[in-house]
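Engineer: Residues per chain, in single letters:
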Amino acid sequence: MARSANHHSPHASMDGRNTTDPVVARAIDLYKHYGSEDNEVVALNHINVEFMRGQLTAIMGPSGSGKSTLMHCMAGLDVPTSGTVLVEGLEVSSMNQRELTKLRRKEIGFIFQSFNLVPTLTAKENILLPLQIAKRPVDMDWFNKVVDVVGLANRLDHRPSQLSGGQQQRVACARAMMEQPSVIFADEPTGNLDSRSSREVLTFLQQSVREYGQSIVMVTHDPRAASFADRVLVLADGSITNDMDHPTYDEILEVFADHHDETVAEELAVGPNGADGAALAEYAEVQDAARRAARTAGSANAEGEARA
Amino acid sequence: MIRIGLRDAKVHFRRFIMSIIAIALGVAFVVGSFCFRAMLNDQVSQMMATNSDADVYIRGDVVKKDHKEGTKVGHADYEDINVDLMDDVRKIDGVKNVSDTHSLSNIVLVGADGNAVTTVGPPTLAVALEKGSWRGATLTDGHWPEADDEIVLHSGAAEQSKLKVGDTTKIVFPDGPRDMKVVGTISTPNSQLGAIIVGLKPSLVTHYRELAGEPIDQTSGFEVYGDLNTPLDAKAQQELADRINAELPKSDHLVAITGDSVRDEETQSTQDQLGFIQPLIMIFAIIALFVGSFIIANTFTMIVRESMRGYALLRSIGASPAQVFLTVIVEAIVLGIVGSVLGVLLGWGMLELIGKGMGQMGMPLTGSPAPSWSDVLVGIIVGIVVTIIGASLPARTAAIAPPIQAMNETVNPEKPVRRRGWIGFVMVVFGCLLWVLAYVLSDGGDKPTPWSAINNWSPEWLLGIGAGLLVIGVIVLGPALVGPAGKVLGWIPDHVFPVTGRLATRNIARAKRRTANTAAALFVGIAIVSCLGVVASSVKTSVHDIVDDGLNADFVLMSASMTNPIPTKALDEIKQNDEVKSLAPITMLLGVSINGGDTMPFASDYSLVESIYPVGNAKVQALKDGEAMVGDLVADENGWKVGDTLKFKAENVVVDEEATAKAQADYQAGIEAQAGKLQAEAQQLAATGDAAGAQSKIEEAHKAIEDAQNVDPAKLVKTKKEVVTKDIRIGAIADDSLFNDEVMINETLADELVPENMRMVNQAYVQAKPGVDLKRLQNDLKKTVKPYYTVGVLNRDEFKSSLSSMVDQVMAILYALLALSIIIAIFGIVNTLALNVSERTKEIGLLRAIGTSRAQIRGMLGIESVIMSVFGTILGIIVGVGAGVVVRAVFSDNGLTKLSIPWDQIVGFLVVSIFVGLLASVFPANRALKKPVLDAVSSE
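From first to last, the protein sequence lines are chains U and G. So that you can map any letter, position 286 of the first sequence is 286 in UniProt numbering, and since no number is skipped, the others follow by simple counting. So that you can map any letter, position 427 of the second sequence is 427 in UniProt numbering, and since no number is skipped, the others follow by simple counting.
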């Protein structure tokens, strides 16, 4: 625990990193509330959790369950009301801006739901950006390997606006991988993608865990995405209600059915009730169609108004 | 909807601060220029009311022969009238006082510390004063001058000279200093703009007018007071004028007009002369308003972007686009009103400060700079209109965006700038062509182009139109230049700071129009100043070159005031100094015209052309042969050639001995006759035994004789105009820069043409003997001229800097204006960066999340900002210097012989622009960094 982060080189992680501590990040008695006293919302209710090295951990839960807040606190993007966050033994929750910047450069990688890339830079420049910002040398072998894995070798000189959503997200993954951080935090990485792109991204994440020993923590509300994970944590009302090891898609769905969770149930109700894996594509398509329909209706509405 | 707009305005008020400052500055310039005019006008009319305060003016009714036909006939354009007619006017009912006030402007007052009282520009005037001759002046202490050696001082003059009643001082007259006693002080209700006013006994003024060759039996007019204490109103003035006109005999050729009409005319013409200042200030007002309008546009773009969801909500619950538009415009109007009102106050305040500042500099102003209601209204309307223009585009975006798109907050990509770029490019090319043409036409000799039609075009017009095309063209072309300029200017930061530099360089090209508009403010300001910088520098170099290239004089003697000559005695004393090799006075021949034109010739010692400024033997020989040496500029202007004969005509006013003797004899006879008559009466009375009566008659007779002895002899002097003409052949044309706009003859010819009193030396060159210690000699010469108070001894360097001191003063004013345009430009850059930062909230959040430090974010924004300001500055320098080069060529005949580009200044501008950029990035960077990373990445 007292091991200093400065000692391990970027390459250490490739051969399984410093495995003396199997926990890469942990939260101790993490508590977070928003609002004033008479209008208090508890986002995290004294959570204790450990994220394991070399695992893909998914955090699930309905809106407002605190899953994003948990991840933000773990990543040093948000400050908990009380409790401690440790990443590689470093106390994130008490860091100042300078230390946080250092942490982000060395220990943490990010993949966001949208807007992951700097629009003025090409795919390659985006991937190399974190290293250049930190003025660290670029390992071109590693770069080629990462690019090869995400399958973007022929899109490297394109700007983000010339890439599809899935391609953009894969660039973001490659960027996160390039740093070889202790842990990558992914916030709904497939939230804006169709099912095919989702699968590509998730497969890549899985692969980087299995083949390169990368630790990843991913927030999602999509049971299908969660089924790619080694471990699934389910949050409700700021507490961890389930901790599943390598669950199947069905097992995950079951958990939500057990909890009679309305939000997830509603979301699932949009798609067909079929619970087999093939349904995911259809479900996503229907969701997209619904989104498109809403958009058309909206603009039709606007045109109608303009005419009036 | 209006209520929503008002509430939004309240919420967004902090955001508006920058826009309000921008609008306030713009309006302040507009109102300030009005206020400045108002202040000067008020000052001028106050001075007119005090200084030309007669109730009725009487002048001749014959228009001067040399008055240009077709131009307006002013009060001063009539022939002089005979002074003796004053007696006729005095007898008319209602006339309380008649005078013909004259003043001398060629005197210098010596202050209590023994030094000449100098001013930065206002004149020193000696006014003929006696009790009742100047109603506007009140005697505050002592008495009016009763003897020739008594003076009264105006309060301003007393303050400047530190002299008190009872002090003895000197006044330097054209013939040298005279001891004078201060016997009183006077004050006027308003300030005299720093003029030094001294009151002299009228007979002394007449004496010096006579010395200067003025016809003292003639005057331009009489001033009539109908009341000795209070001014008459308009009606009473008219009545008095009518009565005078009715009673004066036609044969007198006199016309009486009301004081008001004269004052109005003079006020108008003075104000017209000062009118040029306003357009200059207006240029900067336009820059400020231009910047203001796009600062507003930027601010509203930010606000609209952030409130899109609110507008979408309004739209989705049934608000029409017009209603949404209105909510934004209402905000703009609130903003415009606040900014304009502040601007009016700011402009007014600035002028009050300027007034105070001028008082400190010895030019007290009593004119009020308060703007009139119409000026205030214009200022406020301009402010509001500019605000609405700035806000209307973002408001339109808010109004017509479909609700769903608004909810999704998509940023529309910028329209391509290519078409606009081509239009700008064509304008720039045309502008450049016109400039090249202007340059060629004014620099290319007789036949600059093969087409005679083009050769007749005026270079000045080409220059002006070209400048207009170029400035507008560059602004239009600007957005298209942003991309390439970003790459070129970004090269250094790109290599020094690989990551932040590259990000910044690419960011510059993202909103090309916005970047270009921001840079435009600096562009215009820098262009104006660097153009004038080149011109000023060329003027300086051209003048210095005259001194450096040809002038061998070691010292230059100059008079403290242009109108006060260097006394001949002083020149004689300097000539006697053993170490002085030669002394060449430049003698102006007053009242001499050549071929009826207004060129005034001068004469000088041969040493001037032989050794002090050698022009070559041929020209010297021509002068020695009694021929004229004519400057090539004068020759070109008049079409004169070597061998032509010029008619020199000197109109000398001389005392008419015969007439004066006759007048004196007549007067004597008159007095004797009166005395004789009185004596006869006395004898008669004595014969009738009335001894007391006889005694009084005799006393009366004695008194009449005594009075006659005391009478001002000047009153009896009659002058006449004596015309001397001489045909002088042009012996040489001189292209030497010292002489190229002069006509010179030798001193012998000058003696034949004009008497001593019609010559004036206001400059003289001194050459020392070889091997003399110049420093010591300068001190010696200074000691020699000390008793004359007004003569300065300048060495070469001092002479050069005295020649360019005017230019330096003008440049100082321009730098002040530049400072203002830089301040405005900083606001523009700050605002644009703030908008960029607000648009890129997520991107900056992302950069922070992947490990970009705060310093790196600051660096990135700093580089963006510097590129923007350097971009504007470089455009400004290119266009400005180009303009300067062409202006120099076009006006090369007006003394701009040498082109000089002030590189140090230009480098200075670039350095300043880098600092400006860095400074401007501080606030937007603070704002970008204040936002927590989480908010930035998770805001949707």
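Honestly, the hints are just simulated from the structure, not real lab data. Remember, it's a predicted structure, so these values are computed and weren't measured experimentally. Backbone N, C-alpha and C define an ideal beta-carbon position, used for all residues, glycine too. One thing to keep in mind: the hints can contain errors.
Unchecked claim - Here are the simulated lysine to aspartate or glutamate pairs, EDC-like style, with alpha carbons at most 20 Å apart: (1) Lys-842(G) x Glu-188(U); (2) Lys-842(G) x Glu-125(U); (3) Lys-124(U) x Asp-644(G); (4) Lys-931(G) x Glu-99(U); (5) Lys-624(G) x Asp-598(G); (6) Lys-135(U) x Asp-494(G); (7) Lys-487(G) x Asp-157(U); (8) Lys-930(G) x Glu-125(U).
As the list claims (entries may be wrong) - One side of the interface only, derived from the structure: several residues of chain U facing chain G at Cβ under 10 Å: (9) Pro-22; (10) Val-23; (11) Ser-93; (12) Met-95; (13) Gln-97; (14) Leu-103; (15) Pro-119; (16) Leu-121; (17) Pro-137; (18) Met-140.
Engineer: For each hint, tell me whether it holds in the structure or not.
Structural biologist: Hint check results:
no. : hint                    : verdict
1   : Lys-842(G) x Glu-188(U) : holds (16 Å)
2   : Lys-842(G) x Glu-125(U) : holds (18 Å)
3   : Lys-124(U) x Asp-644(G) : violated (84 Å)
4   : Lys-931(G) x Glu-99(U)  : holds (18 Å)
5   : Lys-624(G) x Asp-598(G) : violated (25 Å)
6   : Lys-135(U) x Asp-494(G) : holds (15 Å)
7   : Lys-487(G) x Asp-157(U) : holds (18 Å)
8   : Lys-930(G) x Glu-125(U) : violated (27 Å)
9   : Pro-22                  : violated (26 Å)
10  : Val-23                  : violated (23 Å)
11  : Ser-93                  : violated (14 Å)
12  : Met-95                  : violated (13 Å)
13  : Gln-97                  : holds (6 Å)
14  : Leu-103                 : holds (8 Å)
15  : Pro-119                 : holds (7 Å)
16  : Leu-121                 : holds (7 Å)
17  : Pro-137                 : violated (13 Å)
18  : Met-140                 : violated (16 Å)
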